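Student: The lines below spell out each chain.
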Amino acid sequence: MISRRTLLLGSAAVAGGVAIGYRHARLPDANPLTAELGAGQTALTPYVIIDQSGVTIITPRAEMGQGIHTTLAALVAEELDIALTDVHVEHGPASETYSNDVAFKPQASRGRLDDLRQVIWPARSTRATHFTGGQSSIQDAYVKMRKAGAAARAALLMAAAKTLRVPPGSLVTDNGAVVDPNGRRIPYADLAAAAAKVELLQEPTLKPRAEWKLLGKSQPRVDMVDKCAGSAEFAIDVKHPDMLFATARLNPHLGSVMRSFDASKAETRRGVRKIVAIEQGVIVIATNTWYAFEAAKALEFDWGDAPYPHSTAGHREAVERAMDYEYHSRPRDEGDVDAVLADSELIEGEYRAPYLAHATMEPLSAVALFKEGRLDIWAGNQRPTKAVLISAAIARIDPARVKVHTTYMGGGFGRRLETDFVSTAVHAAMACAGTPVKVTWSREEDMTHGVYRPMAMARFRAAVSGHKPLALDLKVSSPSLVSSADVRYAGSSEDRPDKFTVTGARDQPYQIEHYRVTAYRPPNLLPVGWWRSVGESQNSFFHESIMDELAHAARVDPLTMRLAALKHAPSRKVLERVAEMSNWGSGLPVGHAMGVAYVLSSGAATAQVMEVRSTNAGIEILNAYVAVDVGIALDPRNIEAQIEGSLIFGLAAATKGEITVTNGRVDQTNFHDYPLPRMGQLPAITVSIVESGQRIFGVGESATASTAPALGNAIFAATGRRLRELPFAKSVRFL
Amino acid sequence: MTIALNINDNAYEVDVDENMPLLWVLRDELGLVGTKYSCGIGVCGACCVLIEGAPVRSCAIRVGDVKNRVTTIEGTREQPTARAVQESWVATQVAQCGYCQPGQIITAIALLEANASVDDEQIERALAGVLCRCGTYSRIRKAVKSAARQLAAQRPNQDSE
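Here the protein sequences line up with chains S and X, keeping their order. Per the working numbering, the very first residue in the first sequence carries number 1; after that it's consecutive. Per the working numbering, the very first residue in the second sequence carries number 736; after that it's consecutive.
Hints in this document: simulated from the structure, not taken from any laboratory. Every value quoted in this text rests on a predicted model; they were computed, and no experiment measured them. Be aware that a few hints might be false.
Said to hold, decoys possible - In silico lysine-lysine, DSBU-like type, Cα no more than 30 Å apart, as pairs: (1) LYS499(S) with LYS567(S); (2) LYS213(S) with LYS162(S); (3) LYS239(S) with LYS105(S); (4) LYS239(S) with LYS802(X); (5) LYS217(S) with LYS802(X); (6) LYS802(X) with LYS213(S); (7) LYS207(S) with LYS144(S); (8) LYS802(X) with LYS656(S).
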């Protein structure tokens with residue numbers, strides 16, 4: 001039996017139902033579902049498909065654990081007037097129609113693959129706007145997907161009115177059906193064909209918040225039952241008859257080529273079908289992943305040299321030395337920092353943060369099938385149109401002949417924005433035309449071939465006056481993500497701006513009279529990329545630890561000082577809330593202490609307090625309190641899960657996370673030497689959601705950023721030791 | 736060499752290297768992909784299965800050494816403890832990415848099957864073996880406790896021993 005998924009995404013272009021675009025109604029190919037529809041299917045907007053069996057909602061953001069499918073489906077279902085339990089939810093096809101307009105500013109030419117090619121292929125830019133990341137999904141979808149639901153509902157009402165020959169005003173909808181004045185129900189499925197002939201409203205009216213039935217209330221996640229039954233399909237689980245199983249061994253000197261290899265000990269091993277050389281290494285194709293792993297271990301290589309220093313010390317030096325040269329950008333410069341600091345008692349320091357791996361639980365994996373000049377790819381990925389373009393280039397076919405089927409992701413955190421793992425699957429498929437091949441990177445390959453959170457450092461000079469900061473001169477240095485991505489995807493980089501170097505450092509709404517943030521750019525070192533909370537992951541640590549230093553220098557309570565320096569109302573609100581939650585300032589038992597940190601992250605004001613206990617044996621992390629302004633809370637239970645999870649992600653980095661380099665290779669290979677927190681090693685976490693009202697903000701990252709400084713500040717309060725280098729386990733022992 | 740296996744009460748014969756970890760027999764030979772590969776060295780617990788009711792890391796046991804009945808996440812559905820655990824997991828809305836959850840659930844089933852009246856420390860000791868990158872630990876703990884309560888109510892006599 002053909003599943004709905006196959007019917008929707010896998011079918012050839014069958015002239016079936018009629019599709020009508022919504023956002024791009026005047027562009028002939030704007031609705032990417034048009035070519036995908038099976039017989040009897042209707043696409044009402046790029047987000048709603050209706051056929052005889054019911055309603056499918058396209059939720060085009062990567063479901064990598066953050067629950068986005070449930071909330072996006074609820075946006076549509078709320079306006080469409082249907083229960084979440086009565087809809088199917090799909091990632092949908094790769095298309096620029098699903099552009100993320102928050103992460104990328106809309107472009108006039110967007111929406112057509114031809115235009116897209118001119119814009120980004122083979123340009124050095126990484127623009128491919130069907131994208132998930134940066135807490136942007138909910139902001140992007142909040143109006144757009146409610147309108148899609150409302151337009152579809154209006155079309156169904158019009159269709160019913162025509163069918164019944166009654167005025168549309170006499171009809172209402174109720175939970176998946178149009179209801180006529182006599183109470184007769186016509187299920188949406190029965191109206192699919194008629195609705196396809198109705199012109200969609202361009203500006204449908206949205207329900208006022210007071211009438212919301214789904215939004216604002218915690219919904220059971222649409223993926224929960226499958227994920228608890230073990231039947232949710234990740235890319236690593238995709239099955240095809242006669243599929244082969246493969247793995248990759250790539251140069252551990254990242255970004256360098258393979259000079260030669262010797263497969264004589266590998267090719268004779270059991271189960272091995274094919275050994276394929278690619279520029280950066282080898283793909284072993286076998287009848288079982290384990291056979292591929294074992295054969296891959298038996299390969300011998302002559303690797304090209306690492307295009308970066310061979311040791312961690314060399315990387316640290318390169319990041320530090322960049323500060324000796326002219327700065328790259330100065331995105332904040334208020335008052336007269338130099339003059340004021342020349343006349344003040346200086347507070348100075350230097351901070352460091354290491355490389356970090358994403359370490360998703362599902363290792364990088366993708367399935368590809370090259371058949372009759374077409375390429376099908378099954379991959380958990382955060383950027384499907386980029387995967388299309390990269391794959392088309394490898395296969396030397398038109399991007400229109402590439403189909404990316406996005407699966408659930410066993411974690412993403414930014415790692416699946418990259419397409420390196422997809423590329424290995426495409427190479428494998430090209431070598432086995434007609435046969436599907438699943439490529440699974442071993443954990444060791446995954447950990448040592450990351451696209452890491454950049455190593456970074458900061459220097460500051462500051463002065464206080466009375467009970468507040470007077471001047472802050474903050475300099476940060478870290479390799480550029482944008483430049484590194486240019487090298488990965490275009491082979492070279494030119495000097496481009498990179499806001500990610502300074503987010504979390506230059507954009508905090510503190511009122512400091514003399515305030516300067518300067519960024520330095522070291523050369524490209526290890527490949528670096530987007531890691532949950534991105535620039536804020538290091539810059540919040542720097543900035544908020546420094547704010548704590550200033551508070552202590554000014555002999556003022558660090559939370560009080562922040563309140564005094566912040567006029568932004570939601571920021572004040574989260575600080576006040578977290579003070580209440582933690583009983584900030586009230587007496588604590590001997591040895592206990594609290595630290596606070598604050599970050600404004602993609603609009604979400606976040607304040608966090610950590611409570612620790614200092615003992616002779618080490619530091620015990622007792623409690624974490626975090627308050628986040630989400631603007632409008634659509635699904636409180638899911639928001640709490642995201643905040644708690646992002647905090648734990650931050651805790652892993654703050655305490656132990658570190659990627660180091662020896663002989664040009666990443667040292668850490670697996671969870672024994674890149675440890676993650678386990679049950680029983682975590683503080684009690686209390687989350688509070690603040691709703692400032694008008695705008696909406698995502699929540700998947702901000703507590704990742706605020707955790708390290710809150711913890712470091714707590715450790716200072718408990719021990720008098722200022723920890724200026726991550727991870728803290730280098731300096732203190734944790735219980 | 737052909738190896739006979741009993742998995743989820745089905746008899747299978749597989750022709751593989753006897754050194755192949757059970758995990759890869761389940762996933763790639765038999766298509767039972769609910770059991771997950773993550774570390775491959777027995778430290779993360781994502782690949783846990785039950786062998787005669789005890790939790791075993793299927794990446795760390797050679798298929799040639801598997802002599803007893805294996806239960807994977809796919810084979811747990813009818814059993815009362817498993818049902819209580821899975822229902823409680825859904826009610827607590829535990830999963831985020833969901834990739835580690837089969838390992839968590841299998842471990843919880845083994846724990847509660849042995850003893851439904853578990854305390855926090857016992858839950859921690861058992862579940863600390865399974866990593867979760869999304870940080871769902873507090874909900875896992877809550878779900879185990881709620882399943883335990885439900886099971887204790889169903890079989891009051893066993894707990895008084």
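Student: Please go over all the hints and tell whether each is borne out by the structure.
Tutor: Hint check results:
1. LYS499(S) with LYS567(S): holds, 24 Å
2. LYS213(S) with LYS162(S): holds, 28 Å
3. LYS239(S) with LYS105(S): Given that 30 Å is the threshold and the Cα spacing comes to 38 Å, the pair is violated.
4. LYS239(S) with LYS802(X): This hinted pair holds, its Cα atoms lying about 27 Å apart.
5. LYS217(S) with LYS802(X): violated, 49 Å
6. LYS802(X) with LYS213(S): violated, 54 Å
7. LYS207(S) with LYS144(S): holds, 13 Å
8. LYS802(X) with LYS656(S): The hint is violated at about 40 Å.
When each numbered hint is compared with the structure, violations occur for hints 3, 5, 6, 8.
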